[in-house]
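Those sequence lines, one after another, are chains S and Z.
Going by this note's numbering, 71 is the number at position 71 of the first sequence; the sequence numbering is gapless.
Plus 1000 on top of the position in the second sequence (first one is 1) and you've got this note's numbering.
Keep in mind the hints are simulated off the structure, nothing from the lab.
A few of these clues could be false.
To be verified - Pairs of lysine-lysine, BS3-like flavour, derived with a Cα cap of 27 Å:
id	chain 1	residue 1	chain 2	residue 2
1	Z	1066	Z	1041
2	Z	1014	Z	1064
3	Z	1055	Z	1020
4	Z	1066	Z	1055
5	S	67	S	56
6	Z	1020	Z	1041
7	S	67	Z	1014
8	S	70	Z	1064
9	S	56	Z	1014
10	S	42	S	2
11	Z	1014	Z	1041
12	S	104	S	42
13	Z	1064	Z	1020
14	S	42	S	56
15	Z	1055	Z	1041
16	Z	1014	S	42
17	S	104	Z	1066
18	S	67	S	104
19	Z	1064	S	104
20	S	104	S	56
21	S	42	Z	1064
22	S	56	Z	1020
23	S	56	Z	1064
24	S	42	Z	1041
25	S	56	S	70
26	S	104	S	70
27	S	2	S	56
28	S	70	S	2
29	Z	1014	S	2
30	Z	1041	S	2
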Amino acid sequence: QKEVEQDPGPLSVPEGAIVSLNCTYSNSAFQYFMWYRQYSRKGPELLMYTYSSGNKEDGRFTAQVDKSSKYISLFIRDSQPSDSATYLCASARSNSGYALNFGKGTSLLVTP
Amino acid sequence: GAVVSQHPSWVICKSGTSVKIECRSLDFQATTMFWYRQFPKQSLMLMATSNEGSKATYEQGVEKDKFLINHASLTLSTLTVTSAHPEDSSFYICSARAGDTNTEAFFGQGTRLTVV
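Please take these sequences and the hints and turn them into a complete structure.
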C-alpha cells in the first residue's frame, strides 16, 4: 500500500465551480502536507504547505488537513481554465529528511 | 518562491551511453537535494536524497552504481544515468530544500530522458 493515496481522476468541472481534491495517507508520522500543481512536461509547483490540522487559505485555494482521519483536501474556488493541471498531494516527516511522499496526482480539467 | 534550475530539459541518448543532469538552486543554498523519477501517468518516486558534501542516500530498489549522484556544492547537484537503457526513459525531477528545518522543497523543471 502506498503511503499516500490519491484518486487520479480525471476530474472535469465547468469554469466557476468549486473543486475538491482529496488524499489519504497511512503513516501517522507524517507531519507536513503539501499540494503541488504540475502542468504537462513541467516540474511541480508548490501551491500550499501546512503542518497542522485545520484549514489554510491562500486566495482561491484552501488546504485542509484532518490528522485524526489522515485526510488531506484542497479546495479551489471559482475555478478557471488555467487551473487545468495535475494536482499532487505530498507528505513528509522529519525522520526521513523531509523527503516528499507523493500521491499519484489528480488530473483536473476546467472547461470554459 | 525560490528558483531551481534543471538542465537539460530534454535529452535523447543511445542505449549504453551516460547522461548527466544538473540541478542548480539559483537564489538559495540547498543543503538537501532530492531526485525523483516520474513515469507517464504515475506519481513522482523518490530515487535518492543528497546532502552537500555527503554520499547520497538511495531508496530501496534504486541502483546506486547506475544513478550516480554528486552534491559537491550548496547550489549544484548532478544525476548521471550510466549505461542508459530504454527502460531508463523517464521524467527526472530534482528538488532542493534550504536548511534543516525548512521543509519547503522547490522543484526544477524536470528532464525528459529518452533512451533509444
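Now the hints, each set against the structure:
1. 1066/Z / 1041/Z: holds, 24 Å
2. 1014/Z / 1064/Z: holds, 21 Å
3. 1055/Z / 1020/Z: holds, 17 Å
4. 1066/Z / 1055/Z: Given that 27 Å is the threshold and the Cα spacing comes to 15 Å, the pair holds.
5. 67/S / 56/S: Answer holds: residue 67/S to residue 56/S is near 14 Å, not above 27 Å.
6. 1020/Z / 1041/Z: holds, 24 Å
7. 67/S / 1014/Z: violated, 47 Å
8. 70/S / 1064/Z: violated, 33 Å
9. 56/S / 1014/Z: violated, 47 Å
10. 42/S / 2/S: Roughly 24 Å between the alpha carbons, so the hint for residue 42/S and residue 2/S holds.
11. 1014/Z / 1041/Z: OK: residue 1014/Z and residue 1041/Z at ~24 Å, within 27 Å.
12. 104/S / 42/S: Holds. Residue 104/S to residue 42/S sits at ~16 Å (cutoff 27 Å).
13. 1064/Z / 1020/Z: Satisfied, since the Cα-Cα distance of roughly 14 Å is no more than 27 Å.
14. 42/S / 56/S: Holds, at about 26 Å.
15. 1055/Z / 1041/Z: violated, 31 Å
16. 1014/Z / 42/S: holds, 24 Å
17. 104/S / 1066/Z: OK: residue 104/S and residue 1066/Z at ~25 Å, within 27 Å.
18. 67/S / 104/S: holds, 20 Å
19. 1064/Z / 104/S: Holds, at roughly 25 Å.
20. 104/S / 56/S: Holds, at about 22 Å.
21. 42/S / 1064/Z: The hint holds at about 26 Å.
22. 56/S / 1020/Z: Violated, at roughly 39 Å.
23. 56/S / 1064/Z: Measuring from Cα to Cα gives roughly 39 Å; hence the hint is violated.
24. 42/S / 1041/Z: Measuring from Cα to Cα gives roughly 13 Å; hence the hint holds.
25. 56/S / 70/S: holds, 16 Å
26. 104/S / 70/S: holds, 17 Å
27. 2/S / 56/S: Within the cut-off at roughly 26 Å; holds.
28. 70/S / 2/S: With Cα atoms ~14 Å apart, residue 70/S and residue 2/S stay inside 27 Å; holds.
29. 1014/Z / 2/S: violated, 33 Å
30. 1041/Z / 2/S: The hint holds at about 16 Å.
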